[in-house]
Amino acid sequence: MAPKNTGPQSAFFVIADISGYTKFMSETEITHAKGILEQLFGALVPAIRSPLTISGLQGDAVFAFAFESDVMTKQFIIDFAEQIYCAFARSKEKMQINTSCGCGACANVDGLELKIVVHHGECVVQETGGRQELAGTDVITAFRLLKNTVKERTGMDAYMLISCDALGKMDMKDLFSEDEFYTEDIEHIGEIEYVVRDLKQAWERRRGSEQVFVKPDEELLMEEWAIPVTVSPAAAFTACTRPDMRAKWLGADAVDLLGANKGKIEPGTMYHCHHGDDIFPFEIIDWRPGEYVTGRYNLPMGLTMYETNELVSVGDGTMVKVRFATPKGGTLMGRLMTGMVKKKLKSIIVPDKENRINRLKEICANWLAEDASLAPDRPKDVGELIGAQG
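Remember, this note's numbering sits 34 above the position in the sequence shown when you count from 1.
Where hints are given, some of them may not hold.
Said to hold, decoys possible - Taking lysine to aspartate or glutamate and the EDC-like style, the derived pairs with C-alpha atoms no more than 20 Å apart in a straight line are:
| hint | residue 1 | residue 2 |
| --- | --- | --- |
| 1 | K207 | E221 |
| 2 | K234 | E116 |
| 3 | K282 | E218 |
| 4 | K203 | E116 |
| 5 | K108 | D205 |
| 6 | K376 | E257 |
Unchecked claim - If you anchor each label on the Cβ, the simulated ranges turn out as follows:
| hint | residue 1 | residue 2 | range |
| --- | --- | --- | --- |
| 7 | I313 | E257 | 38 to 44 Å |
| 8 | L292 | G349 | 33 to 39 Å |
| 9 | G310 | I223 | 38 to 44 Å |
| 10 | P262 | G310 | 41 to 47 Å |
| 11 | N142 | G373 | 55 to 61 Å |
| 12 | T183 | G349 | 44 to 50 Å |
| 13 | G189 | E161 | 56 to 62 Å |
| 14 | K377 | D350 | 36 to 42 Å |
| 15 | N295 | N332 | 16 to 22 Å |
| 16 | D312 | G373 | 19 to 25 Å |
| 17 | P277 | E252 | 36 to 42 Å |
| 18 | K68 | G285 | 51 to 57 Å |
| 19 | I223 | N142 | 33 to 39 Å |
These are calculated hints, taken from the structure and not from any lab test.
Each residue gets a CB set at the ideal place from its N, CA and C atoms; glycine is no exception.
Using the sequences and the hints, build the whole thing.
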């Protein structure tokens, strides 16, 4: 992403650091160790999407940043940290399951872990050797926070550390309890207060949770909608899920958010879409930022209908795929009335289909015109990034 100006700018700094890297490299077969680390970085790098931009690889860490004005929802960084850890953990688990090699590198891959540091502050963008690099005291602080006492205090070796400077900008302090706050005294910088969240718990929740995803080959209420938009999958996800944007897209008078976890949207959160005197409740069931979101409509007579909005990167934009499953379940009367309910739902949704499609396209186009950072990033190549570090 090109800098918006040459002066100081406010930004979030995100560092994903592989713990145990030095020991792993020094005590195992170099050829296999190199291949394992490239696979792990190969899982991390594609998971870092707009509005975050990769500044580069810093040895055993990936350093990324997002200008404050480009962060579209206050929970984005927290969602991102959980996603990137899950990508890392999934890649590591696959290697352990699929290898029969008994070498030291393959045997000790479980000793590698990931910690993620998030900080916020000011920086300047410098041109160095044809590359853009960030500089400033807050950038230094972010890297210094990698050397902390979290493991000694909590026993965690896979965690998200968010400085209170970053947490305040997200307006998410209420999400954390008092016992999750700590301080580090950093030489020449002073005390930095932060919160810690166990990322292994996020992985266990994701791995253990049932995926709820309306597939194209399921029995659908109507044909899949395929809506091409000009923004990145992360931005398209925001356009589909942020209450004010969802209201515009659906043509609703308003969309209220109920049941959010101290402001954080997650499974169990309910959207109430107001259309005149009618309210249509939509409960989030599966929340995968930048990938898809699935929600459930609770209909009369115990019937339920699922809707999935899937985001697929295509060329210079994103294809938003909207699928409504056929209503199912319910009471005996509900099952008998399924045909009538389907007909009623289609009479509400189908006449507004083209309007919804055009509104979503317009929202994304106008948004992109205001902020070019919402455009899809060029896919990152791990080898290219490693080479760029010289």
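Item to complete: May I ask which of the numbered hints given earlier this structure violates, with the numbers listed in increasing order?
Response: Hints 1, 3, 7, 9, 10, 13 and 17 not satisfied by this model.
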